[in-house]
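Q: Take a look at the letters that make up each chain.
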Amino acid sequence: GESVGLHLPTLSVQEGDNSIINCAYSNSASDYFIWYKQESGKGPQFIIDIRSNMDKRQGQRVTVLLNKTVKHLSLQIAATQPGDSAVYFCAESRTGNQFYFGTGTSLTVIP
Amino acid sequence: ETGVTQSPTHLIKTRGQQVTLRCSSQSGHNTVSWYQQALGQGPQFIFQYYREEENGRGNFPPRFSGLQFPNYSSELNVNALELDDSALYLCASSLEGLEVKTQYFGPGTRLLVL
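Protein sequences, first through last, are from chains A and B. If you read the first sequence in this note's numbering, its first letter stands for residue 1, the second for the next number, and so on. If you read the second sequence in this note's numbering, its first letter stands for residue 112, the second for the next number, and so on.
In case anyone wonders, no lab produced these hints; they're calculated from the structure. From the three backbone atoms N, C-alpha and C, an ideal C-beta is built for every residue, glycine too. Just to be clear, a hint being listed does not mean it is correct.
As the list claims (entries may be wrong) - Pair ranges (Cβ atoms, derived):
id, chain 1, residue 1, chain 2, residue 2, range
1, A, G41, B, Q128, 43 to 49 Å
2, A, R94, B, N190, 27 to 33 Å
3, B, L194, A, P9, 24 to 30 Å
4, B, N170, A, K68, 25 to 31 Å
5, B, R162, A, E39, 38 to 44 Å
6, A, Q45, B, E163, 41 to 47 Å
Said to hold, decoys possible - Pairs of lysine to any residue residues, derived as SDA-like cross-links and limited to a Cα-Cα distance of at most 20 Å, are as follows:
id, chain 1, residue 1, chain 2, residue 2
7, B, K212, A, D55
8, B, K212, A, F46
9, A, K42, B, S118
10, A, K42, B, L223
11, B, K212, A, S106
12, B, K124, A, K71
13, A, K42, B, S197
14, A, K42, B, P218
15, A, K42, B, H121
16, A, K42, B, T113
17, A, K42, B, A198
18, A, K42, B, L150
19, B, K212, A, D84
20, A, K42, B, L199
21, A, K42, B, P172
22, A, K71, A, A24
23, A, K71, A, I20
24, B, K212, A, R57
25, B, K212, A, D31
26, B, K212, A, R94
27, B, K212, A, A78
28, A, K42, B, Q137
29, B, K212, A, V13
30, A, K42, B, T116
31, A, K42, B, L122
32, A, K42, B, G151
33, A, K42, B, G167
34, B, K212, A, P9
35, A, K56, B, L150
36, A, K42, B, T120
37, B, K212, A, I50
38, A, K42, B, G114
39, B, K212, A, I20
40, B, K212, A, N53
Could you build the full structure based on these sequences and the hints that come with them?
A: Have a look at this one:
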């Protein structure tokens, strides 16, 4: 079976601090990764993506790092805000049409 | 907002019944994928439709079926509902033909089977 796992099921950070959410994947053939944010009662919201030919990609306040050697993905959120509180999923794809999701990390931002 | 819409938002059915869920893809997108998300879990891939044909399927039984229409909207049908089918059903649209096939999700349909 597929395995996309997250190291920490919950994470609490102080407002203004940086957050780091980690994800391990098991299939070395995966070539495309996406981080999604899911708020309660809503569908997953695209945050940032990265292809396997890259090690790092930056967006607005977010950075994704990919370490293919150890099959590890991380999402860094700078200056975390209360609106960042949500469940974060990493998803991997090999064929491009089927994504495998982990169980998610719940991020709580403490004001 | 992604522009992906789903209906209905909530639905209650009884075991053994059949259900149809609907999804309209984001403008310009030609591919729809369906996922099942159980409470506290990540979404699980059910199948994908492209050019009105199934284009990949996850580990779901045949009683889960789908359709895609010429306007790229899609339906998910589930027959002989079981209690374990209670979940949030998500559809995601994307544009096939690009190397990077980012999927954008709708708000989901919450299905409760009693």
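Q: Now tell me, hint by hint, if it's right for this structure.
A: Outcome of the hint check:
1. G41/A to Q128/B: 43 to 49 Å: violated, 24 Å
2. R94/A to N190/B: 27 to 33 Å: Cβ of R94/A to Cβ of N190/B: about 30 Å, so the range 27 to 33 Å holds.
3. L194/B to P9/A: 24 to 30 Å: Because 25 Å falls inside the window, the suggested range holds.
4. N170/B to K68/A: 25 to 31 Å: Since the Cβ atoms of N170/B and K68/A sit about 26 Å apart, the hinted range of 25 to 31 Å holds.
5. R162/B to E39/A: 38 to 44 Å: violated, 33 Å
6. Q45/A to E163/B: 41 to 47 Å: Distance hint for Q45/A, E163/B is violated at roughly 28 Å.
7. K212/B to D55/A: Holds, at roughly 19 Å.
8. K212/B to F46/A: holds, 12 Å
9. K42/A to S118/B: holds, 13 Å
10. K42/A to L223/B: Given that 20 Å is the threshold and the Cα spacing comes to 16 Å, the pair holds.
11. K212/B to S106/A: violated, 26 Å
12. K124/B to K71/A: Between K124/B and K71/A the Cα gap is close to 41 Å, so the pair fails against 20 Å, i.e. violated.
13. K42/A to S197/B: holds, 16 Å
14. K42/A to P218/B: holds, 5 Å
15. K42/A to H121/B: holds, 12 Å
16. K42/A to T113/B: Distance ~12 Å between K42/A and T113/B Cα, so the pair holds.
17. K42/A to A198/B: holds, 13 Å
18. K42/A to L150/B: Distance ~13 Å between K42/A and L150/B Cα, so the pair holds.
19. K212/B to D84/A: violated, 25 Å
20. K42/A to L199/B: This hinted pair holds, its Cα atoms lying about 10 Å apart.
21. K42/A to P172/B: Answer violated: K42/A to P172/B is near 26 Å, above 20 Å.
22. K71/A to A24/A: holds, 6 Å
23. K71/A to I20/A: Holds, at about 16 Å.
24. K212/B to R57/A: Holds, because 17 Å separates the two Cα atoms, which is no more than 20 Å.
25. K212/B to D31/A: holds, 11 Å
26. K212/B to R94/A: This hinted pair holds, its Cα atoms lying about 11 Å apart.
27. K212/B to A78/A: At roughly 26 Å apart (the allowed maximum being 20 Å), A78/A and K212/B break the hint.
28. K42/A to Q137/B: holds, 16 Å
29. K212/B to V13/A: violated, 32 Å
30. K42/A to T116/B: Distance of about 12 Å is within 20 Å: holds.
31. K42/A to L122/B: Between K42/A and L122/B the Cα gap is close to 16 Å, so the pair holds against 20 Å.
32. K42/A to G151/B: Distance ~13 Å between K42/A and G151/B Cα, so the pair holds.
33. K42/A to G167/B: violated, 25 Å
34. K212/B to P9/A: Since the Cα atoms of K212/B and P9/A sit roughly 27 Å apart, the hinted pair is violated (cutoff 20 Å).
35. K56/A to L150/B: Not OK: K56/A and L150/B at ~32 Å, beyond 20 Å, violated.
36. K42/A to T120/B: Holds, at roughly 10 Å.
37. K212/B to I50/A: With a Cα-Cα distance of about 11 Å, the restraint between K212/B and I50/A holds, given a limit of 20 Å.
38. K42/A to G114/B: Holds, at about 13 Å.
39. K212/B to I20/A: violated, 25 Å
40. K212/B to N53/A: OK: K212/B and N53/A at ~15 Å, within 20 Å.
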